[in-house]
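The listed protein sequences derive, respectively, from chains C, W and E.
Heads up, the first sequence is in the UniProt record's numbering, so the first residue is 1 and it goes up one at a time.
Heads up, the second sequence is in the UniProt record's numbering, so the first residue is 1 and it goes up one at a time.
Heads up, the third sequence is in the UniProt record's numbering, so the first residue is 1 and it goes up one at a time.
It is possible that some hints are incorrect.
Below, computed lysine-lysine pairings styled on PhoX-like, alpha-carbon distance capped at 20 Å [unchecked claim]:
| hint | chain 1 | residue 1 | chain 2 | residue 2 |
| --- | --- | --- | --- | --- |
| 1 | E | K63 | E | K39 |
| 2 | W | K63 | E | K168 |
| 3 | E | K39 | E | K19 |
| 4 | E | K316 | W | K78 |
| 5 | E | K63 | E | K19 |
| 6 | W | K316 | C | K78 |
| 7 | C | K176 | C | K119 |
| 8 | W | K316 | W | K331 |
| 9 | W | K39 | W | K78 |
| 10 | W | K63 | W | K19 |
| 11 | C | K168 | E | K63 |
| 12 | E | K78 | C | K316 |
| 13 | W | K168 | C | K63 |
In case anyone wonders, no lab produced these hints; they're calculated from the structure.
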Amino acid sequence: MFPKNAWYVACTPDDIQDKPLGRKICGESMVFYRGPEGKVTALEDFCPHRGAPLSLGRVEDGKLVCGYHGLEMGCDGKTVAMPGQRVRGFPAIRAFAAIERYGFIWVWPGDIAQADESKLHHLEWAENPAWAYGGGLFHINCDYRLMVDNLMDLTHETYVHASSIGQKEIDETPTKTEVHGDEVVTSRHMENIFAPPFWRMALRGNGLADDVPVDRWQICRFTPPSHVMIEVGVAHAGHGGYDAPAEHKAASIVVDFITPETETSIWYFWGMARNFKPDDAELTASIREGQGKIFSEDLEMLEKQQRNLLAHPSRKLLMLNIDSGGVQSRKVIDRWLAAEAPQVTA
Amino acid sequence: MFPKNAWYVACTPDDIQDKPLGRKICGESMVFYRGPEGKVTALEDFCPHRGAPLSLGRVEDGKLVCGYHGLEMGCDGKTVAMPGQRVRGFPAIRAFAAIERYGFIWVWPGDIAQADESKLHHLEWAENPAWAYGGGLFHINCDYRLMVDNLMDLTHETYVHASSIGQKEIDETPTKTEVHGDEVVTSRHMENIFAPPFWRMALRGNGLADDVPVDRWQICRFTPPSHVMIEVGVAHAGHGGYDAPAEHKAASIVVDFITPETETSIWYFWGMARNFKPDDAELTASIREGQGKIFSEDLEMLEKQQRNLLAHPSRKLLMLNIDSGGVQSRKVIDRWLAAEAPQVTA
Amino acid sequence: MFPKNAWYVACTPDDIQDKPLGRKICGESMVFYRGPEGKVTALEDFCPHRGAPLSLGRVEDGKLVCGYHGLEMGCDGKTVAMPGQRVRGFPAIRAFAAIERYGFIWVWPGDIAQADESKLHHLEWAENPAWAYGGGLFHINCDYRLMVDNLMDLTHETYVHASSIGQKEIDETPTKTEVHGDEVVTSRHMENIFAPPFWRMALRGNGLADDVPVDRWQICRFTPPSHVMIEVGVAHAGHGGYDAPAEHKAASIVVDFITPETETSIWYFWGMARNFKPDDAELTASIREGQGKIFSEDLEMLEKQQRNLLAHPSRKLLMLNIDSGGVQSRKVIDRWLAAEAPQVTA
Numbered sequence: 001m002f003p004k005n006a007w008y009v010a011c012t013p014d015d016i017q018d019k020p021l022g023r024k025i026c027g028e029s030m031v032f033y034r035g036p037e038g039k040v041t042a043l044e045d046f047c048p049h050r051g052a053p054l055s056l057g058r059v060e061d062g063k064l065v066c067g068y069h070g071l072e073m074g075c076d077g078k079t080v081a082m083p084g085q086r087v088r089g090f091p092a093i094r095a096f097a098a099i100e101r102y103g104f105i106w107v108w109p110g111d112i113a114q115a116d117e118s119k120l121h122h123l124e125w126a127e128n129p130a131w132a133y134g135g136g137l138f139h140i141n142c143d144y145r146l147m148v149d150n151l152m153d154l155t156h157e158t159y160v161h162a163s164s165i166g167q168k169e170i171d172e173t174p175t176k177t178e179v180h181g182d183e184v185v186t187s188r189h190m191e192n193i194f195a196p197p198f199w200r201m202a203l204r205g206n207g208l209a210d211d212v213p214v215d216r217w218q219i220c221r222f223t224p225p226s227h228v229m230i231e232v233g234v235a236h237a238g239h240g241g242y243d244a245p246a247e248h249k250a251a252s253i254v255v256d257f258i259t260p261e262t263e264t265s266i267w268y269f270w271g272m273a274r275n276f277k278p279d280d281a282e283l284t285a286s287i288r289e290g291q292g293k294i295f296s297e298d299l300e301m302l303e304k305q306q307r308n309l310l311a312h313p314s315r316k317l318l319m320l321n322i323d324s325g326g327v328q329s330r331k332v333i334d335r336w337l338a339a340e341a342p343q344v345t346a
Numbered sequence: 001m002f003p004k005n006a007w008y009v010a011c012t013p014d015d016i017q018d019k020p021l022g023r024k025i026c027g028e029s030m031v032f033y034r035g036p037e038g039k040v041t042a043l044e045d046f047c048p049h050r051g052a053p054l055s056l057g058r059v060e061d062g063k064l065v066c067g068y069h070g071l072e073m074g075c076d077g078k079t080v081a082m083p084g085q086r087v088r089g090f091p092a093i094r095a096f097a098a099i100e101r102y103g104f105i106w107v108w109p110g111d112i113a114q115a116d117e118s119k120l121h122h123l124e125w126a127e128n129p130a131w132a133y134g135g136g137l138f139h140i141n142c143d144y145r146l147m148v149d150n151l152m153d154l155t156h157e158t159y160v161h162a163s164s165i166g167q168k169e170i171d172e173t174p175t176k177t178e179v180h181g182d183e184v185v186t187s188r189h190m191e192n193i194f195a196p197p198f199w200r201m202a203l204r205g206n207g208l209a210d211d212v213p214v215d216r217w218q219i220c221r222f223t224p225p226s227h228v229m230i231e232v233g234v235a236h237a238g239h240g241g242y243d244a245p246a247e248h249k250a251a252s253i254v255v256d257f258i259t260p261e262t263e264t265s266i267w268y269f270w271g272m273a274r275n276f277k278p279d280d281a282e283l284t285a286s287i288r289e290g291q292g293k294i295f296s297e298d299l300e301m302l303e304k305q306q307r308n309l310l311a312h313p314s315r316k317l318l319m320l321n322i323d324s325g326g327v328q329s330r331k332v333i334d335r336w337l338a339a340e341a342p343q344v345t346a
Numbered sequence: 001m002f003p004k005n006a007w008y009v010a011c012t013p014d015d016i017q018d019k020p021l022g023r024k025i026c027g028e029s030m031v032f033y034r035g036p037e038g039k040v041t042a043l044e045d046f047c048p049h050r051g052a053p054l055s056l057g058r059v060e061d062g063k064l065v066c067g068y069h070g071l072e073m074g075c076d077g078k079t080v081a082m083p084g085q086r087v088r089g090f091p092a093i094r095a096f097a098a099i100e101r102y103g104f105i106w107v108w109p110g111d112i113a114q115a116d117e118s119k120l121h122h123l124e125w126a127e128n129p130a131w132a133y134g135g136g137l138f139h140i141n142c143d144y145r146l147m148v149d150n151l152m153d154l155t156h157e158t159y160v161h162a163s164s165i166g167q168k169e170i171d172e173t174p175t176k177t178e179v180h181g182d183e184v185v186t187s188r189h190m191e192n193i194f195a196p197p198f199w200r201m202a203l204r205g206n207g208l209a210d211d212v213p214v215d216r217w218q219i220c221r222f223t224p225p226s227h228v229m230i231e232v233g234v235a236h237a238g239h240g241g242y243d244a245p246a247e248h249k250a251a252s253i254v255v256d257f258i259t260p261e262t263e264t265s266i267w268y269f270w271g272m273a274r275n276f277k278p279d280d281a282e283l284t285a286s287i288r289e290g291q292g293k294i295f296s297e298d299l300e301m302l303e304k305q306q307r308n309l310l311a312h313p314s315r316k317l318l319m320l321n322i323d324s325g326g327v328q329s330r331k332v333i334d335r336w337l338a339a340e341a342p343q344v345t346a
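The shape of chain C in the complex, shown without the other chains:
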C-alpha cells in the first residue's frame, strides 16, 4: 500500500545517459529515457507488439525503438512507426508523468491527469550553489514504511551505527514530534557532549577542533509520500547549538528518498547535502563513502525485520514515544491512501 498520486525519485540522470532504464516502481514496470529535446519520459515497459521490455531497446531521435522488432514508441505511449506497418490502430501503452529536477528523475506512478509539478516540494540545497550533494542507491527488501520508521527514530544510531554516529546520549535525550499539516518533524537536541567519530571527522574537515564539548542536533522531517530529510550537525558548545554561527559548527542534511518497488522492497536513494566547502569534490567523495558504509549497516536489520513481520502478520508492534515520528508519518501516509481509495457514495 503506497500512495500512487505522488512524486517519487525514479533514478538519476546518469542512469539514462546511454540507454533506457527499466525499473519497477510502486509495482509498475517502467522504462525511463530521454524523449524529444531530452525531456525525461516514463512509460510502461511493455511493447504493444509482442510484450517485449522496451528498456532493452535504444533511443533514436527522441523515440524509443524496441530492441526486438523495431517498433518506435512515442513519449505519450502511442506507437509512432514500425518498419512495414501501419501503426494507427496499435493499442497505446501507459505513460507516466516524469520530471527532472534537483538532480533526480521523478515519476508519478498514479493518474497522469492529476500529476502536478507544483506538488514537488522545494529543495533549497539542490539549487543553491552554496551547497554540495553526494549520494547513492540501495535496493532493500522491506516495506518502505519500515525505512520511514528507521529514519524518524534515530535512537537506532546508538546500536546499529555504534562506531560512527551512534552515542549513548541519543538514547538519553528525549525527542519532540510535531505535525504541521502533512509534514512530521521529530527533533532532538543534545547539549555539551563529546562528538562521535563521524562528527569529529566533520569538525576537522571544517577546520574546527574535534576534542571539545559540542551541542548536537537531529531534526527529522518526513514529507509524503516517503521522503525524509534530516538536519544534523554539531556546534562547539556554548555558541547556540543549532542556531550557532557557521564558523562554530559542522552541519548537513541527510537526504532520504524512499521509493517503493513492491509492497516489500524499495529503492533507497540516500545522500548528504552540506553547505560548507561545496566545491571540494574530494570531500564529497569521502563523505559519500563514509555514509554509504554507515547506511549499509541498516540493510540486514531491515530485511530480517521484514521477514519477521511477514512470518507474524497479526502481531502488534509497540508504539513508544521514540516511535512517534514514524507513527505520525504513517498517519499522514494513511490519509493519503484513504484519499486515493475508491469513493463509496450512499
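Position chains W and E relative to chain C; hints supplied.
Chains W and E alone, transformed into the frame defined by chain C:
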C-alpha cells in the same frame, strides 16, 4: 500446454556417454541412458523403492542401478532385481519411447503405445556426408512458443543481432507465409544488397568475394511440435539467388529443436548444417562459436518478454503480417493440442 | 510434522561464543545466547518493540540487547529495560527450554512447562574421558525422516559410499530390527570379510593389520525424536566380532542428531565418537575430515529424493525388509506426534 504425443529432442549421445542423464521434458522428470545393446532408454526418474532419482545411479550391463540402494531397473520400467529382495510385486515406473537418430536422442513424452518412429521427419542434412553439423544447447526461461515466434519472424535480426546477421533490408522486404498441412513456411528473398558481417565471413570461408552485391534468402520451416529449420544463404547477385549454382553461394540450414521443460522454460538445441567443406572441423567449430554468440543475444529478450507476459496475462498481443509465421505455427500446435484433449461425446 | 515436546540439538557452544545465534528449529525462529551466569538461553527471535531479530543484537551482562533500539531482553522473554522507557507493559516473547550438555546446546521447541531434563538420554561417550568426539554440521533440504530412513538402512553405503565404507557384503547380509519401547535397533553382522578403505585406515590407525579378514558390525539405534547412534567397527576375524577384546578391533559410534528446521529441511549434526587414542587431536581431525567427505555424498541424493516426493505426493513407497529400521522409527515418531495432537473427548 504442449503436445505430448510427439518427438522432441531430449539430449545428445554425449550426454549419456558416461552416466545416466536426468532431465525434465514436457513437465516429466526423466532419466536417459543406454540399455541393453546400447539402445537409448527413457524412464521416469523415480526409483519405485524410495523415490530416489535413478539418474544419480549407474548403468551396469544395460540395467540402470539405483545409486541409493541398488535396485536394478529394466528398460521397460519394471524392476529386474534388488539385493536380497523379491521384486516381482514392485510397482512399475513409466517408460517413455526413445530413439536415437540424426545425432540426437528423441523422446515421446506422451502415450508410449502411440509412439511411431515413422512420424519423425527425415533430416537429409543429418545423414548425407556432404553436410556437416555443429550446435549447442541453451536453457531459457520462456514458453516454447515464444521461441517459435522468434524464429518464424526474422525481422528481429535487425535489432537483436544488429552487428552480425541483422540488416535494414530484412525489415524492408516482405515475407510470404504458406501452410502445407502441418508445415508452415515463411520466406523472404532480398535482392542486390550487401551482406552483413556473418555472411561476408561465410563468403570468404567459401572462397568467394565478400564485397560485391548479393541476393540473400531466409526460408523458415516450422514443423510440429516445435522444430524450426531455416534455410539461409547469400549468392553473388545475378546468379539466381536461392537457385544459384553452388559455386556462387554460401548457404546453410539453421537448425532449432525447441523442447519444453515446463510451461515456461525450454531446452533449446540450436545448430547449423552446411553442405560445403563438410570435413573442415575447424570451420565447424568457428561457425558454432559465432552462432552461439549470436543466439545468446536472444536469451535476455525472451526471458524478460516471458516475465512481462506473466505479469499481464490478459493483455492481447498484436498479430501483424510479420507475425504470420508464428501465428500459423501456433494454429498447428493448437490443432495438435486439441487432438490430444480428452474427447467429450454427447 | 515433528514432535515439539522433545530435545533437539540446536547448536554447539562455539556458535554462541562471541555473539547470539539466530536459527530456525522446528519452524520456530529462535535466538540462542548465554544469559546470566553463562546459562544457555533460547528465545523467540523477535523483539517485542518493532519485530527486529534479536539475534542481530549483543549480550551484555547476561541480557540480550536488541541491535536496533537497545531493548534489553531477559532470559524469560520479558523485557528488562529499554532506554527512556517503562517496560512493564511490554508483551513477553516466547522462551524455550534450553540446556547445555554433552558438548551441545539442546532445545525443547514445544511447551516449556513440559520440558524435562531427565528425558535427555545419557551419552556415555560424551562424558567418559576414554572417548573422543569430532563432528560437523550440514544443512540439507529434506524432511528429517528421510535422513532417519537413510541412517537406519545402511545398504545405501554400498552405492552412495562405494569408495570408502561401502562393500557388497552389506547388501548380502540381512539385518535384524528390534523395537524396545521407543528405541529401534537395526543390526547387521558380517563375518570373515575384507574391510573397505575407511576401515583399513582405522585398523592401521589403531596399530592393527589391515590386510587380514575381519568381522564387521553395524548397530543402528534410533531414539526419538530423531537421533541415530550407530555402533560400527571391525575386528580381526575369529576374535568374537563385536564382542572381541579391544586389542583386536577398531570401533566407534557414528553420531547423528537430526534437527528439523522446517518440514523439508534439517540441521544435520554428524560426528564420530571413538574410544581409542582419545587424546590424539590429529586423528580426530583426520577422521572428521574423512567422515565429512563421506557424509556429504548423501546430500544430493536426499535433496533430490525430497523433490521427487514433493512432485509425487500420492505415490506410495515400498517398505522392504531393509527398510524396517526406518519404518519402525517412523512408527515411534507417529506415536509421539499422536501424543501431542489436540485431544478430542466424546
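Status of each hint after checking the structure:
{"no.": "1", "hint": "E:K63 x E:K39", "verdict": "holds, 11 Å"}
{"no.": "2", "hint": "W:K63 x E:K168", "verdict": "holds, 18 Å"}
{"no.": "3", "hint": "E:K39 x E:K19", "verdict": "holds, 14 Å"}
{"no.": "4", "hint": "E:K316 x W:K78", "verdict": "holds, 16 Å"}
{"no.": "5", "hint": "E:K63 x E:K19", "verdict": "holds, 12 Å"}
{"no.": "6", "hint": "W:K316 x C:K78", "verdict": "holds, 16 Å"}
{"no.": "7", "hint": "C:K176 x C:K119", "verdict": "violated, 27 Å"}
{"no.": "8", "hint": "W:K316 x W:K331", "verdict": "holds, 16 Å"}
{"no.": "9", "hint": "W:K39 x W:K78", "verdict": "holds, 16 Å"}
{"no.": "10", "hint": "W:K63 x W:K19", "verdict": "holds, 12 Å"}
{"no.": "11", "hint": "C:K168 x E:K63", "verdict": "holds, 18 Å"}
{"no.": "12", "hint": "E:K78 x C:K316", "verdict": "holds, 16 Å"}
{"no.": "13", "hint": "W:K168 x C:K63", "verdict": "holds, 18 Å"}
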